[in-house]
Amino acid sequence: MATQKKLMMIASRGSLDWAYPPFILGSTAAALDMEVSIFFTFYGLTLLLKDLKPKVTPSGNPAMPMKMPFGPKWFQGLNWPMPNMIINNVPFFDSFVTAMMKKTFKNKGVASIPELRDICVEAGVKMIACQMTMDVFGFSKHDFIDGIEFAGAATALEIGSESDMQFFL
Amino acid sequence: MATQKKLMMIASRGSLDWAYPPFILGSTAAALDMEVSIFFTFYGLTLLLKDLKPKVTPSGNPAMPMKMPFGPKWFQGLNWPMPNMIINNVPFFDSFVTAMMKKTFKNKGVASIPELRDICVEAGVKMIACQMTMDVFGFSKHDFIDGIEFAGAATALEIGSESDMQFFL
Amino acid sequence: MATQKKLMMIASRGSLDWAYPPFILGSTAAALDMEVSIFFTFYGLTLLLKDLKPKVTPSGNPAMPMKMPFGPKWFQGLNWPMPNMIINNVPFFDSFVTAMMKKTFKNKGVASIPELRDICVEAGVKMIACQMTMDVFGFSKHDFIDGIEFAGAATALEIGSESDMQFFL
Chain D
1 MATQKKLMMI
11 ASRGSLDWAY
21 PPFILGSTAA
31 ALDMEVSIFF
41 TFYGLTLLLK
51 DLKPKVTPSG
61 NPAMPMKMPF
71 GPKWFQGLNW
81 PMPNMIINNV
91 PFFDSFVTAM
101 MKKTFKNKGV
111 ASIPELRDIC
121 VEAGVKMIAC
131 QMTMDVFGFS
141 KHDFIDGIEF
151 AGAATALEIG
161 SESDMQFFL
Chain S
1001 MATQKKLMMI
1011 ASRGSLDWAY
1021 PPFILGSTAA
1031 ALDMEVSIFF
1041 TFYGLTLLLK
1051 DLKPKVTPSG
1061 NPAMPMKMPF
1071 GPKWFQGLNW
1081 PMPNMIINNV
1091 PFFDSFVTAM
1101 MKKTFKNKGV
1111 ASIPELRDIC
1121 VEAGVKMIAC
1131 QMTMDVFGFS
1141 KHDFIDGIEF
1151 AGAATALEIG
1161 SESDMQFFL
Chain B
2001 MATQKKLMMI
2011 ASRGSLDWAY
2021 PPFILGSTAA
2031 ALDMEVSIFF
2041 TFYGLTLLLK
2051 DLKPKVTPSG
2061 NPAMPMKMPF
2071 GPKWFQGLNW
2081 PMPNMIINNV
2091 PFFDSFVTAM
2101 MKKTFKNKGV
2111 ASIPELRDIC
2121 VEAGVKMIAC
2131 QMTMDVFGFS
2141 KHDFIDGIEF
2151 AGAATALEIG
2161 SESDMQFFL
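Chains as they are written, first to last, in the working numbering: chain D, 1 to 169; chain S, 1001 to 1169; chain B, 2001 to 2169.
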């Protein structure tokens, strides 16, 4: 019998686009019968909030290859990324892009971030909130979903050093 | 005889600056006789396109330490990063910075991204395109270079768990 | 007696927020008696400069959960992140946010980046400056702090392949 493989990840980013990697890799690894631990730190800590509303911006990311999944043909054919001048000055542009990305993933049958997070919880993925980040950014335990643990970087490193695979996301 | 070391990377970003790590680490590891696999996902998938034109922006990156490699002295001495007001409002500023970064690397004898990618292909680096990302962002197999594979996160995790080193880029 | 665990990290980003992970993970791992190596490359190379002044920007990061640690109540209650229109057009906005983040961490008793770097040096963390990046961005050995080494990606990969844990930060 093969030994169970262990995956440890540090989730450090919290925007909508970067919320997919920890939850997709986590749920996939769990489905492969791996033992998975994710340490949520810095901006990534916000992914454990009960009130989970990650946003995405094309600002600073010239590699965003999005296509408009709705609206008229001319609109769907618009080139991405948009010029900085538009991205950074049109009000609510990020809200629009966030809605668009969510819709694109939904149209393609990919689960939403809250759904993927639920799958991870149910699959027994160990999720750890970084205590230092909680303290620095002023969060309390009540802000977070149930079933998670609270620990520091030392715990993350100890788990990581016993794992077969480590990723800093 | 020592066992051949294995390196597995997940390339998730697709801008010009973040295109260097997978291809430089990949080609260097191959030169060290390591077995290398790279899984291109999310924005990183664009690095496998036939039409490879990565761009870079100083927007959102206050750590960009670039120097002007051409033009008059006063121009070369300009401080980086530029204020957001300039970065985000001057038309074609990103195109300018992209040209500047390419020129800087070229002046220093570093291969271009398409060249580095070719080196990886020739060195036998296994390059895998993420099928889910292809589907979500609307790419077809014909958009990509030859000699790559198509698979999902499960394949990436299985390769990673058998590797000596894993990086999420 | 257990074997000493080895941690290898590649620090590729150089802004204030992304300066914490290498130095916090590095100093924590050293305190856990691990052998730590950090390879500073690309924008991350600037973290080894004598003149260490990392900045942070909310631009391009909609996940910044900052709270104002000073000023009047209405000001402390402002919602983050700010609209792009403000972030990208108000002069010196990044300088303000940088000062705010430093103050927040200080108020919470977290050491500053220069202090954390000193702790790493004293704890024997091996810090390696990427020679190619030095050359491309035009730095000389005199620009950097004492006690570091200079090497290329091949050295980083060799150290990494002998380590128990690897992170690309």
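Errors might be hidden in some of the hints.
[As the list claims (entries may be wrong)] Derived SDA-like pairs (lysine to any residue); straight-line CA-CA distance at most 20 Å: (1) B:K2102 / D:R13; (2) D:K102 / S:R1013; (3) B:K2103 / D:K102.
[Claimed, not checked] Just so you have them, the derived chain B footprint on chain S, three or more residues with Cβ under 8 Å: (4) 1033 to 1047; (5) 1056 to 1063; (6) 1104 to 1117; (7) 1155 to 1166.
[As the list claims (entries may be wrong)] To give an idea of the chain D side of the interface with chain S (calculated C-beta under 7 Å), a few residues: (8) I24; (9) A29; (10) A63; (11) F96; (12) M100; (13) K103; (14) F105; (15) K106; (16) A111; (17) I113; (18) L169.
Derived from the structure by calculation, the hints contain no laboratory data.
What you are looking at is a predicted structure, and each value in this text was computed from that prediction instead of being measured.
All residues carry an ideal CB built from backbone N, CA and C; glycine is no exception.
Q) Of the hints stated earlier, which fail here? A) 3, 4, 11, 12, 13, 15, 16 and 17
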